[in-house]
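K.L.:
Here the structure of chain A is known, so what remains is to put chain B with the ligand in place on it, guided by the hints.
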Amino acid sequence: MEVTEQRTYTAVIGLEFHVHLATRTKMFCGCRVAYGDPPNTHTCPVCLGHPGALPVTNEKAIELGVRAGLALNCDVARRSVFARKNYFYPDLPKGYQISQYDAPICTGGHLDVPVGEETIRVGITRLHLEEDAAKNVHVGTSGRMHGSVGSLVDFNRGGTPLMEIVTEPDIPSPEAARATANHLKEILRAVGVSEADMEKGQLRCDANVSIRNPDGSFGTKTELKNMNSFRFVERGLAAELARQREILEGGGRVTQTTLHYDPETDEVHELRSKEYAHDYRYFPEPDLLPLELTDAWVREVRGSLPELPDQMRARFVEQYSLSPYDAGVLTSDRDLAAYYEAVAAGPVDPKQAANWITVELRARLNEAGMEISEARVSPERIIELIGLVDDGTISRAAAKDVLDRIFTSGESPSAVVEREGLAAMGGDELSGVVDEVLAANPEEAGRVRDGDQKVIGFLIGQVMKATRGGADGGRVRGLILEKLGS
Amino acid sequence: MQNLTAYELAQRIAAREVSAREAAEVANARVEEVEEDVNAFVTTTPELALERAGRVDGRLQGGENGGVRLWETVPTTVKDVLSTRGVRTTCGSRILEDFTPLYDASALLNFGEDLVMVGKANMDEFAMGSSTENSAYRPTRNPWGLGRVPGGSSGGSAAAVAAGEGWWALGTDTGGSVRQPAALCGIVGLKPTYGRVSRHGLIAFGSSLDVIGPMTRDVRDAALLLQAIAGHDPHDSTSANVEVPDYLAELENGVEGLRIGLVTELMDERIDAGVREIVADVANSLEAAGAEVGEASLPHAYYALEAYYIIAPAEVSSNLARFDGVRYGLRVSADGVHEMYRKTREEGFGDEAKRRIMLGTYALSAGYYDAYYAQAQKVRTKIIEDFRAALHRYDVLLSPTSPSVAFELGSKTGDPLAMYLQDICAVPASLAGIPAISVPGGLSDGLPVGVQLMSDHFTEPLLLRAARAAEQVADFEFTLKP
Ligand SMILES: [Zn+2]
Chain A
0 MEVTEQRTYT
10 AVIGLEFHVH
20 LATRTKMFCG
30 CRVAYGDPPN
40 THTCPVCLGH
50 PGALPVTNEK
60 AIELGVRAGL
70 ALNCDVARRS
80 VFARKNYFYP
90 DLPKGYQISQ
100 YDAPICTGGH
110 LDVPVGEETI
120 RVGITRLHLE
130 EDAAKNVHVG
140 TSGRMHGSVG
150 SLVDFNRGGT
160 PLMEIVTEPD
170 IPSPEAARAT
180 ANHLKEILRA
190 VGVSEADMEK
200 GQLRCDANVS
210 IRNPDGSFGT
220 KTELKNMNSF
230 RFVERGLAAE
240 LARQREILEG
250 GGRVTQTTLH
260 YDPETDEVHE
270 LRSKEYAHDY
280 RYFPEPDLLP
290 LELTDAWVRE
300 VRGSLPELPD
310 QMRARFVEQY
320 SLSPYDAGVL
330 TSDRDLAAYY
340 EAVAAGPVDP
350 KQAANWITVE
360 LRARLNEAGM
370 EISEARVSPE
380 RIIELIGLVD
390 DGTISRAAAK
400 DVLDRIFTSG
410 ESPSAVVERE
420 GLAAMGGDEL
430 SGVVDEVLAA
440 NPEEAGRVRD
450 GDQKVIGFLI
460 GQVMKATRGG
470 ADGGRVRGLI
480 LEKLGS
Chain B
0 MQNLTAYELA
10 QRIAAREVSA
20 REAAEVANAR
30 VEEVEEDVNA
40 FVTTTPELAL
50 ERAGRVDGRL
60 QGGENGGVRL
70 WETVPTTVKD
80 VLSTRGVRTT
90 CGSRILEDFT
100 PLYDASALLN
110 FGEDLVMVGK
120 ANMDEFAMGS
130 STENSAYRPT
140 RNPWGLGRVP
150 GGSSGGSAAA
160 VAAGEGWWAL
170 GTDTGGSVRQ
180 PAALCGIVGL
190 KPTYGRVSRH
200 GLIAFGSSLD
210 VIGPMTRDVR
220 DAALLLQAIA
230 GHDPHDSTSA
240 NVEVPDYLAE
250 LENGVEGLRI
260 GLVTELMDER
270 IDAGVREIVA
280 DVANSLEAAG
290 AEVGEASLPH
300 AYYALEAYYI
310 IAPAEVSSNL
320 ARFDGVRYGL
330 RVSADGVHEM
340 YRKTREEGFG
350 DEAKRRIMLG
360 TYALSAGYYD
370 AYYAQAQKVR
380 TKIIEDFRAA
390 LHRYDVLLSP
400 TSPSVAFELG
410 SKTGDPLAMY
420 LQDICAVPAS
430 LAGIPAISVP
440 GGLSDGLPVG
450 VQLMSDHFTE
460 PLLLRAARAA
470 EQVADFEFTL
480 KP
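Those protein sequence lines, which keep their order, are chains A and B. With numbering that gives the first Met the number 0 applied, the first sequence covers 0 to 485. With numbering that gives the first Met the number 0 applied, the second sequence covers 0 to 481.
Think of the hints as simulated: they come from the structure by calculation, not from any bench. It should be emphasised that the depicted structure is a prediction, and the values quoted were computed from it without experimental measurement. Backbone N, C-alpha and C fix where the C-beta goes; we use that ideal spot for every residue, glycine too.
With a cut-off of at most 27 Å between alpha-carbon atoms, the simulated DSS-like pairs for lysine-lysine come out as follows: (1) Lys84(A) / Lys342(B); (2) Lys353(B) / Lys84(A); (3) Lys342(B) / Lys134(A); (4) Lys84(A) / Lys377(B); (5) Lys224(A) / Lys84(A); (6) Lys134(A) / Lys84(A).
Some chain B residues judged to face chain A by a derived CB distance under 8 Å, without partners named: (7) Leu101; (8) His234; (9) Ala313; (10) Val325; (11) Ala365.
Bound-form chain A, shown alone (with noise of 0.2 Å):
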């Protein structure tokens, strides 16, 4: 017998986000806080690192910090440092960027992650405030510095809010790295620190990739970056894994490095490492006073906290009687779940309501490319449709087809109904076309006579294909079982 050796590849990743702050105005500044706008509108000497400006923090950037921190249950320092950060680089005007480095203002917190079937425990590192560079726009063919005739800075974006967010590497595969970032969006959501969208560069995600050697320890690691949506996080992290993953197949070594994903050829390249040799030679921010938070004041944040989408899927469970499954998937975007709570509120069996909303709702709104916040069709005529299917009016199968109709056009399904015709027969007429079918298939309704209940289905089917869906397939099955008298 041949004996081959297997290994087996276990990803280890672990996450940092950067994060836009919902606020007002920036980080150190009075400037407002916008994006779109025509560029280096919103700047004055503090965020363009005039001569002898000095940075005040943002209060609110502070509560936000701790609000989210207090969220992904972190301790919250009662005192934390800004600090330099020091490079060079024209997007960052003051020659630093003002963060925090030995002392951030959250430690040591987690989420639990919802990932299939399953919950993850991502341990989260540390969470920090900082600013936001510049953005640099660089004039030529390539879009990039190297070989453009020309570089701007627009400075609206500089000095605004961020916060960092560094996970453990807890994460064991590229599905549940993406499941971590949208369940993390999801409560950045929900405690109204930011919108959080990948898309408009409100959520920013790298991430640390290895593969464990065979005997448990840690492999090398490398850095990834530029995975500016949910998809790409999951599809970068694959093309390196894959990439690692070849490379000790073919016997050799993961160096450590820093990559760039490419979404258009779906594969990661190297960038030359030069760049990212950087000693930032922190040091405390002498401008800044040392932050410090009262637990008073901690606690009043706490006690402002919205229900946590964690909190509300345990709630769901318990209320509503649902599979933690369909509760994660609800709860995993609050305006879905704000929807559920709407129907399941009506005269509707909630997991019946769960299951056309997971199911049926979703499926479509998915291939629309909508958001349930851009539907169409409000709760109230769901509570309607599930009542029609309740009371016997339409089947289960008409149904679907109705909420195909109000999807597009938001109408009342009765209207639909009462309009195409949709209504499921009564019970004369239906037994009608039972009789016809059985007459037209003698030998089956023999079998099923004779206890051979495999060809039932087909003549259930015969009934539907004749009624047109108009008929509810259990009442069809109820009729023949009697009318065959077995």
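P.N.:
Just chain B with the ligand now, with coordinates in the frame of chain A:
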């Protein structure tokens, strides 16, 4: 009019005996007369001074003098390190040769729109130096001897006051830059408590040390000018939210009953004998005037200079990073951004600025941080504790301001360490953040000697009162030079 103090001048203007414009004309005339010899300014602003003085006079026509405060009427010289809206601000550097700020330093805001500014005073580049020879433009000469330095880095401000080019001046002090040039030019120089005066608009050298301070003809002028610039500023997180007292109220109360400690570590052989003699004389005279005088000790004072020359360069290496040619100031075009940075900074900064950037960069580098920067911070804490103990026993500490009188131009430029030693007496108070003032104590070899007084945080009224007594017992009278 020329021989009045700023306080006396302001009183005359308030009484309508002279106009603010007449005072500005006198100041401008004096600039015309001596500036060629003294070189106190990078930029003079005679028309601006006249125009604003005219506006001040206009406001004085209103009831109760139109609410014009005493200090607003006095022709003022401003060190070129303070941001002045619409008036170029070079910081003594090539890299800001054509830079015109968009805003006024907060310390100037109590002058309203009408600061009667005579000009922007010369200085060591980015306030780094003790002789004003590090100015990118030209050295300032000491009005007491034109072949000598005025001290630094606020040498232009000190020389301007000594020469009557403006009645008073604002300087900045990081490790003695107000006090040492004041001592060398025979005027009063006050470094207030760190945080007493907003730093917003003060182009940073050592952010944890920088303080704006008055440079004046006498202590009363210093009190009045401090009154104008002190206060909490929401734009400076390190400015203290501590009430501003009336600095003139206790000024003339004398030293009777005050406990004054002469700092033994700052009276050793590193200090010229002639300087020590005058400081001892002043101590004796204060005792005769009713003070209780004894010996005080700052055991870690010897390490202050070393700690200072780690902390200040570390901060400045970061503070000067913004001068990169991207947004304002000098830009030397080159192929690629890194080359542009290199050339701009190579041409824009002078030797001393480069030296300190390198020192500071090294001190903050990975692997060296603990040995240098972190260690220096520990020394700083020790020095703060020394002062706490000494100021528990004494109300005011006394020492020389500078180890020597004004030295000859060029005599120390080749030896940076000898130049750094000029700061040994001034640096401990800077590291501790406490207020300190230099008053003229007398002459040694015909040149002024400064006596330094130091007191606890935010006790400027007490410090000014002791300094007022010291200047009155000292064998020195302010007269315009040259
Ligand atoms: Zn701004």
